[in-house]
Amino acid sequence: MDHRLESGATLLHQTLKRFVRGVLIAAFALAFSSHAAEAQLLQRSLVLTDARIVTMAGPTLEKGSILVKGGRISEIGAKVDAPFLARHLKLAGKTVTPGFIDAWSSLGHTGSVGQSGPTGDVWDSFNRYARDDFRQALQQGVTTIYLAPGGPPGVGGRGVVVQLRPQSGGAAGAVLVEDAALSINIGSGQSPIKRLKTFKKVRADFRKALDYRQSLEDYEEDLKEYIEKLEERSKKKDEAGSDGDDQKNGDKKNGEKPAKDKPSPKPDEDKPDEGDGDALNSGSLWASFQPVKSGKNGDGGGKDKDDGNGKDSGDDKKSDDKDDEDEIKKPEKPSPDRTSEVLLRAIDRELTVRIEAHRTSDMLNALDLAEEFNLDIILEGATEAYLMADRLAEAEVPVILGRVTRSGVFVNDEYRRHSASNPAALTKAGVRWTVASGAADSQAARFVGLNAQVAAGRAGVDWMKTVTIDAARILGISRRAGRLARGMAADFVVWSGDPSDPGSIVEQVYIGGKLAYQAKGQ
Amino acid sequence: MFGRTRFGGNGNDISGLWSSERSVERLIPKRLIPTENSVDCSTSITPRRTGRRWLVRSTAAGAIGCHRYGVAKRRAVLATVLLTCGVTVSSAVGAPPAKVALTGGRIIPVVGDEIATGTVLIEYGKITAVGTNVEIPYDAMEVDVSGKVVFPGMIDPHSARALDVPNENLPVTPFLDVYDAIDPSRLYLEDALRDGITAIHVIVANNCVIGGLSRVVHPIGLTPDEMTIAAPTALKISVTPKRGFDRMTQIAKLRETFLELDDYLDKLAEEKYEESLEEKDEKIDVGPEEAIKRGHELIEPTDYDDQHRNLVKLTRGDMSSFIYCRSAGDVGHAVRIAKDNGFFDRSVFVLGHASYKAVGEVKASGRPVVLDAQLVHRERDPLTGKLSETFVPKVFADAGVMFALQPNPNASLAERYLNYQASRCVRNGVSRQTALESITINPAKMLDLGDRLGSIEVGKVANVLVLTGDPLDFNTWVDEVYINGIRAYRRDDDVRLKQLLGDEPPEVAEEGDEAKGSEQEDVERPGKNDKAESPGKSHSPGDAADDKSDEKPAENAPGGDEEGGSVAP
Amino acid sequence: MMRGHIEKLKRPKIETSTYRNDCAYGLRLFDFSIFRRLVVVALLIGVGIGEVAAADTTVLVADRYVAPDGTIKSDILIVVANGRISRIVPEEPEGVDAKPGVVDHYPGAVVCPGLIDVRSAVGAYGSNQEEAFAIDPGASAIELVDRNHPVFRAAAVAGITSVLLMPGDGNLISGAAAVVKTVVVDGKGARRDSRTSSSRTSRSRSSGRRGVPGVVRDDGPLVFSLGQSPLRFDRAPTSRGGAVAMLRESLRKAKDGVGHQRLVDFVGGRLDGLVVCDEAMDVDAAVNLFGGMNLSLTLVFTGAASDVSAGLSDVFRATATGPYDYTMSPNALSHAAALAKSGNLVALVARAPGGAPDGLRVTAALAARYGLDASLARSAMTFSAARAVGVADRIGSIEQGKDADFVIFSDDPLRLDARVLAVYVDGVRVYSRELEETP
Amino acid sequence: MIALRNGGSARRSICMAAIGLSIVSTAAWAESSRVTVIRADRLYLGNGKIVSPGVLVIRDGRIAEIGVDTKTPDGATIIEIADTTVTPGLIDANAAVEASDLLAPDRRMHPRTWHDFFTPGHHHTATPDCCGSTCPRSMQHVSGTRCMACGFPEANTENAFAVGTKPRVSLAEQSSEVIPDTLVLDTTNLRSPDFDRLLRGGVTTVFVSSDSAAVIGARGAIVRTGGPVDRRVVRAADAVKATMGTDPSWRGGGNRPPVRRFVSFRNRRPTTRMGVTWVFRKAFHDTLRHRDGVETYGADPVSDSAIAVLDKLLRGRIPLRIQARTQHDITTALRLTAEFGLSFTLEEATEAYRCIDLLEAAEVPVVFGPIYVRARGDRRFSSEVEQSRLHTFKTLLESDLMTALTANELREEDGLARQAMYAMRFGLTRAQVLPAVTSVPAKIIGVADSIGTLEWGKRADVVIWQGEPFDTTSRALVVLIEGEIVLDRRAG
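Protein chains in written order, with numbering that gives the first Met the number 0: chain A, 0 to 521; chain B, 0 to 568; chain C, 0 to 438; chain D, 0 to 491.
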């Protein structure tokens with residue numbers, strides 16, 4: 000007994016010891032743990048004091064404080080109540096701003112050469128191990144990007160909004176908004192004629208999507224009818240008992256034959272020569288066109304919806320009439336069209352559509368497209384927007400400008416009429432605009448702030464607003480990024496001085512309340 | 000043997016052959032243990048192929064003497080062999096003994112402790128005893144290997160070089176099988192044998208979305224059947240974009256493939272249900288949804304079509320996969336896709352050298368990896384402009400990830416040897432044991448052949464090398480290679496090697512030169528006009544045919560997967 | 000902003016209304032410094048003794064100005080007469096002896112010397128690349144100038160008042176460059192405010208020897224090129240080795256007095272040079288070729304920080320780098336800083352019109368962000384640039400006796416949101432934002 | 000194996016001790032002359048002698064003492080690592096050093112001329128991709144396909160980090176076939192990471208030979224691989240290199256103009272071996288005539304500055320090197336040089352095993368290498384490499400010829416050391432191979448009085464190898480040039 004007691008005591012002792020050690024370790028960990036190792040729960044609250052805070056949500060606080068709790072800003076103001084054990088950061092003389100947003104970026108993009116179409120998700124193309132690139136972007140205060148799919152003209156893939164948050168194992172980047180937008184390029188990389196063709200193709204794609212929806216709806220209806228009929232028949236069957244068996248067999252054969260015969264390439268053997276000859280000689284041209292027309296439009300056939308549908312239903316009825324009433328034709332399910340499914344989401348305004356267009360003609364086309372299919376669009380590029388700023392304002396289309404320093408001399412057709420007065424004209428007309436790196440080069444993303452300075456300088460507006468709250472609003476993430484306010488995620492940048500001043504550097508970047516970047520020697 | 004059943008109805012044949020022990024026993028007595036040997040030296044059929052490249056391998060084939068079929072052809076070849084180097088073959092032609100004892104050598108078994116002086120006993124193609132005190136049966140052929148090193152046969156974990164063309168143009172080809180493309184006459188195979196590689200995982204190259212089925216082969220044999228150790232082994236998948244694709248397209252394609260598989264299964268289920276009703280002479284009574292639900296249970300393994308059969312197996316976990324990830328960013332996608340579609344637990348990642356950055360992710364996934372043949376990753380620091388070099392295997396070794404090495408066929412010489420690749424690891428700080436494992440037992444485990452290959456242990460298949468020295472010493476030569484307990488290679492009989500080292504009689508040299516020269520024809524040469532002048536050329540129609548077969552891969556080869564048209568002694 | 004004749008000065012309220020978008024300047028109006036400046040101007044009016052005719056004199060008053068060393072200093076009053084800076088009165092109003100005809104007052108703004116792009120092809124009519132001979136010292140870039148070229152205007156509006164027009168760098172020796180002003184105040188291409196055209200007669204001191212107006216220097220530095228560009232054409236040389244051998248040979252001959260006069264002058268130290276390099280090894284080659292010859296040379300080299308080696312300043316009087324843009328690596332962007340650190344005089348280039356005209360300021364801002372001292376960055380666009388091409392005696396700084404070329408920025412020119420409010424060339428306002436934007 | 004492991008840990012501890020010691024001793028450095036003491040298990044002196052264990056004392060960059068147990072002077076830096084071998088710094092007598100770095104730091108260039116503007120993608124500008132290259136099209140790099148812009152994957156493979164591996168990039172001047180007035184040094188990028196790679200392979204001095212694109216090429220240079228850039232050049236203008244065979248007709252730009260350009264200076268001789276021989280003979284013939292005061296005339300005129308060099312060559316004041324691979328080309332070289340009374344050093348010599356007697360009779364020094372089975376890089380485009388043999392070097396070394404081994408453009412991990420490794424595999428001993436990469440090349444390039452062996456008074460270019468040199472598992476740990484540590488891998 001004694002022995003056991005003693006061992007029990009030792010056990011207790013040991014447990015206690017372990018507990019104490021555990022507590023010590025925990026305290027130690029709390030005190031010294033690096034930002035990466037901190038679990039969300041264990042994360043200490045953080046208090047920033049004495050900083051000049053550019054909130055973007057209201058007036059700039061010349062000497063303000065922020066309390067960060069659980070990755071969010073729980074309090075912001077001239078003074079906050081710091082909880083016990085909170086980590087204090089005294090930032091006298093420093094400026095705190097929201098993280099910059101590159102609203103049209105290719106940072107970390109591994110390039111697009113193929114045409115993935117709307118089924119492509121740009122996140123698949125994001126290199127989470129482009130460490131140096133991310134670090135450089137953070138070094139210039141960029142915390143959030145819209146990753147654009149890029150790619151050849153036409154309907155491209157879907158973009159995502161990415162936060163440059165460090166992840167475990169040297170990776171970085173976390174998706175903030177999945178499926179942020181569908182990207183369409185009708186503006187660049189082509190001759191004017193080809194651009195028109197591309198636009199035609201884009202429009203056809205949307206039409207096709209509508210057709211697909213129609214065929215799906217038709218199918219749903221037919222299916223309902225079909226199931227009703229089945230139920231009817233089973234009722235009948237219950238009533239009739241087993242006397243219809245022979246008939247059924249016969250019906251089956253009758254019913255099957257046409258179905259099998261239709262797709263078979265060889266018709267009846269009765270008229271072999273003429274038919275074949277016809278198909279070969281006169282039909283060869285048609286043969287090459289035919290499948291495109293009917294095959295892609297599902298069961299309906301043809302673009303004239305009314306006609307096709309009418310015909311179809313007529314056929315159904317006829318066959319119903321001809322066959323025995325017991326024979327029920329199963330409606331054929333249209334084969335899934337994943338491209339159209341995505342486009343339908345755009346038509347339903349579940350997905351924003353971003354259209355890259357530079358020339359006025361292309362922008363007008365983009366506006367037409369939006370009107371025709373009731374799309375929620377954002378214009379990218381918009382090099383010549385100053386020529387039609389009023390029209391854009393009227394359509395309430397936001398604009399994301401790309402690179403604003405261009406020479407206009409050695410450039411492609413679409414940039415030839417580049418003008419420095421573009422931002423000013425947009426501002427004047429009341430178009431919502433922001434400026435981004437333009438996705439042309441993944442390296443450019445980090446200088447979105449400088450690009451904004453140039454653009455905003457020309458327009459005479461506050462540059463920081465364009466790359467924070469304006470960009471966030473256009474991206475639809477203004478509830479999560481772009482300003483410093485209570486309840487917002489704690490994404491902010493600590494600058495050594497005024498961010499406009501070329502001499503000031505980024506000292507620290509916090510994303511979600513965690514340190515994402517720290518300048519060397521800080 | 001397997002050829003006709005690949006797509007056919009009997010699904011059991013495909014997986015059963017290699018996974019069960021039974022099949023091995025079936026293989027060995029029938030194929031590799033000859034009951035009679037009747038090589039007719041006097042037969043003088045005009046050979047179909049008159050390449051010098053046949054010499055070594057044919058010798059081996061003769062030694063193994065598989066006589067189930069194709070006798071005439073093989074006789075023809077053997078006749079050629081005998082004509083060109085009669086002496087060589089006659090020593091090897093005699094019936095190989097069923098029992099071999101390698102005595103007096105230093106044994107490096109890879110698994111288990113090294114034996115300074117010991118004996119390896121091979122009986123009927125299997126290792127039956129390893130140790131210092133091994134009783135040698137009276138009927139065993141005793142081979143004195145004292146002063147030499149006995150080492151397990153090395154394994155090339157990922158190679159497309161035995162294929163005539165490494166990749167299909169179509170992106171999604173799960174229905175293909177490398178069986179149809181393995182070219183037993185590839186010089187690569189001869190080189191592999193000479194370098195001590197006894198098992199090659201032949202798999203389509205990386206330029207695909209979903210490639211075909213792979214198989215593990217010996218470097219010897221006249222047909223893919225003879226060569227096969229295990230098949231089908233794995234399905235090749237690439238997360239890294241195929242030529243002309245970008246990552247978005249590649250992964251969208253992968254995703255769509257598996258979505259389409261679901262659609263197909265639903266459709267199949269519905270059809271099956273309807274069929275079953277038809278059999279019962281009943282009319283359809285439920286809507287499609289219900290029909291699909293009921294139909295799924297009715298599907299039998301034979302019902303899948305060629306397009307989908309292997310994908311179904313993959314997603315059900317009945318087949319392993321080799322997933323290629325060139326850069327670090329690809330690893331995450333590979334893991335996600337594999338997990339989403341249920342084949343993660345049997346996947347192996349084939350990594351490019353830049354992927355070392357994702358070592359954390361790889362480690363977390365717990366899956367083994369096949370490393371790039373290029374072991375050093377170079378990149379430039381954007382800030383300082385300094386070039387930095389990372390020795391990739393060290394990173395994985397430090398993280399404790401199981402890895403296998405590949406030989407680098409593009410290197411000028413040394414990196415073509417798998418054991419040299421391992422010795423580079425040691426030089427850069429990987430432990431010797433890890434390095435040795437990465438060329439033997441690790442690849443065996445990845446191929447689910449860990450119980451049969453990759454080490455010298457009792458019960459394992461007798462793929463054994465006799466080396467002149469330590470495997471990690473560059474001066475070491477492969478003296479003898481035993482495959483399934485039968486001597487497949489002897490350095491003393493290696494005519495091509497002798498020729499390169501200047502030990503050959505002059506006539507043979509000229510002919511050998513020509514064979515080598517023709518190998519290089521695939522390369523466009525500005526100085527081609529001089530070619531006709533080079534002495535000692537004789538063009539026979541047979542040669543021309545040979546050359547053609549080698550021209551193809553060079554065009555289509557990804558990653559320089561061209562024919563290694565040279566002896567890498 | 001306030002402009003016009005002195006009477007208008009008495010109505011300070013005009014000033015507030017001109018800055019519609021920027022209330023900060025409105026607040027500044029009640030600053031003490033403004034008040035003081037008004038006093039200064041008032042004193043001027045009262046005390047002024049006219050040496051020069053009133054109509055020919057302009058007085059520029061601003062809150063801040065860019066000093067020759069690149070720092071921004073406060074309070075300046077510049078008296079311009081005859082297209083030159085005749086007096087500068089930074090602090091006290093005493094001693095101002097000019098009776099101004101025009102007083103331009105820019106409260107809150109920064110007066111900067113006109114920016115200089117020392118590697119450009121602005122105004123070149125047609126190709127500037129002669130392909131026939133790799134050694135072509137006889138060519139003159141001044142012959143290329145088309146004074147009516149629209150890109151001149153674009154450059155001027157961006158604040159670039161002078162450019163070095165360079166012959167193409169595709170020859171080992173491409174000929175003489177020229178420094179021209181982007182606006183000619185008395186020639187055909189001049190644009191000026193309505194008031195100036197009526198109120199004064201301008202001198203034509205900018206006219207060059209060849210009768211091309213607006214020329215600062217027409218027989219400019221001799222341009223050498225050691226990069227890969229000279230190797231592209233269907234002629235010798237095709238390799239670096241050949242290039243260096245050819246250059247060495249012609250320099251040797253020139254020392255003996257054989258060859259084109261310009262080259263002989265260059266070797267004799269009577270003409271300065273400009274060496275264009277692509278890579279660090281080209282710079283090494285240049286040092287080997289020209290080192291120890293005691294020449295006046297400027298290096299044009301857009302390299303990376305890691306390429307910079309010590310001792311460059313022994314051979315080259317200045318190094319021009321740029322243009323920088325958003326896509327360059329940090330290593331490349333720190334080049335200017337590294338050069339400055341190792342004791343070189345750094346000039347920045349925009350390479351207009353290939354690069355955007357405001358690229359010069361973007362380049363400077365990027366260089367500043369990557370370690371170049373802000374004052375050096377400002378100087379690199381102005382005074383250092385002028386020194387790099389041997390025209391520092393005429394342009395590049397606000398000093399007495401120099402050409403009255405100014406850019407008025409709404410703020411520090413390194414702040415990219417600062418706007419160009421006005422541009423003066425030879426004392427004439429050739430661009431005014433306010434006038435242009437409010438028709 | 001176990002022994003090795005223990006050795007490793009022991010080495011590490013000694014390493015630490017050595018580092019500690021060196022820290023202590025640095026204080027006394029500046030006062031007196033700089034002394035470094037290296038203690039190693041073996042000293043291979045390069046002249047056949049071995050001291051084991053040995054001590055090497057370096058004073059002021061020169062070798063001051065070699066002994067078994069020498070007293071350590073006060074304040075000396077001591078380098079003592081367990082299980083090491085000390086050899087002279089290796090010398091590569093025919094190294095190809097890349098002209099410009101393929102992994103060049105990216106810098107965005109604006110289009111310089113209209114020409115550039117219309118050929119976008121001309122500059123290698125993008126950030127290094129996973130493929131490691133900095134090609135503008137690196138995004139489109141696909142494993143297995145050759146990028147037209149940068150030559151990926153060639154640019155990336157381990158053996159292709161050198162000159163000529165980018166096909167069609169000309170290093171030799173292509174406007175003439177006789178260019179002995181140009182210098183290889185001018186095309187050599189002294190900042191090239193190639194030099195770092197050479198250093199890592201234990202090579203301390205290289206002779207950089209001209210590209211083979213001209214019949215009579217540029218003058219080579221002798222360069223050190225480490226130390227400050229401005230102190231690397233040992234001899235700026237050394238031997239002239241001539242080339243026999245087909246290389247002058249297709250290397251560089253090739254002597255046939257590209258399509259659609261009928262009038263081009265590329266339309267010229269040689270395109271055959273006849274042409275090569277003609278150009279060679281004409282050049283020297285012209286020189287001799289020039290000496291007699293007769294002006295040069297006719298086809299393929301030679302410039303005056305070239306003639307000045309050729310004249311010195313004929314007078315034996317400048318050494319000549321000839322690259323010849325096939326037996327035919329070697330005999331041609333022998334014939335031509337006999338005609339003009341020239342002596343020369345043979346480069347490459349792929350088929351030398353076929354004409355040993357001839358070479359022995361002419362007493363031609365040979366710089367042989369690299370050893371390969373299947374040529375990679377640019378060499379594989381040549382028809383002259385088909386009959387290479389692995390025993391050629393052995394045959395040469397066992398003959399009476401003075402033979403050095405070179406790795407030429409191969410920079411795989413350990414370059415020249417690897418070539419030595421090959422030589423050992425193909426039948427030679429370490430004792431035979433070591434002089435072929437140290438003292439013999441020093442003699443051939445004429446620097447034997449200052450480097451090549453470890454002897455008193457010579458320049459202290461020293462390599463400390465882990466274990467034995469030229470083993471697979473060993474590598475150069477510390478390299479000193481003139482007694483200064485330029486490579487230090489003791490830490491790992």
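Keep in mind the hints are simulated off the structure, nothing from the lab.
Note that the structure is predicted; figures quoted are calculated from it, not measured.
For every residue, glycine included, the Cβ atom is placed at its ideal position computed from N, Cα and C.
There could be a bad hint or two in this list.
[As the list claims (entries may be wrong)] With a cut-off of at most 20 Å between alpha-carbon atoms, the simulated SDA-like pairs for lysine to any residue come out as follows:
(1) B:K266 <-> A:K234
(2) D:K48 <-> D:T428
(3) A:K234 <-> B:L382
(4) A:K332 <-> B:E274
(5) B:K385 <-> D:T428
(6) A:K236 <-> B:E278
(7) A:K519 <-> B:L382
[To be verified] Just some of the chain C residues that point at chain A, by a computed CB distance under 7 Å:
(8) L143
(9) E248
(10) L250
(11) R251
(12) K252
(13) V263
(14) Y325
(15) T326
(16) G358
Now the hints, each set against the structure:
1. B:K266 <-> A:K234: violated (27 Å)
2. D:K48 <-> D:T428: holds (14 Å)
3. A:K234 <-> B:L382: violated (79 Å)
4. A:K332 <-> B:E274: The given pair, whose Cα atoms are some 18 Å apart, holds under the 20 Å limit.
5. B:K385 <-> D:T428: violated (38 Å)
6. A:K236 <-> B:E278: holds (18 Å)
7. A:K519 <-> B:L382: holds (13 Å)
8. L143: Hint on L143 of chain C: violated, closest Cβ of chain A at ~15 Å, above 7 Å.
9. E248: violated (35 Å)
10. L250: Result: violated, 34 Å to nearest chain A Cβ.
11. R251: violated (38 Å)
12. K252: Nearest chain A Cβ about 37 Å off; hint violated.
13. V263: violated (36 Å)
14. Y325: At about 4 Å, which falls below the 7 Å cut-off, the nearest Cβ of chain A leaves the hint on Y325 of chain C intact, so it holds.
15. T326: Hint holds; T326 of chain C Cβ to chain A Cβ min 4 Å, cut 7 Å.
16. G358: At about 6 Å, which falls below the 7 Å cut-off, the nearest Cβ of chain A leaves the hint on G358 of chain C intact, so it holds.
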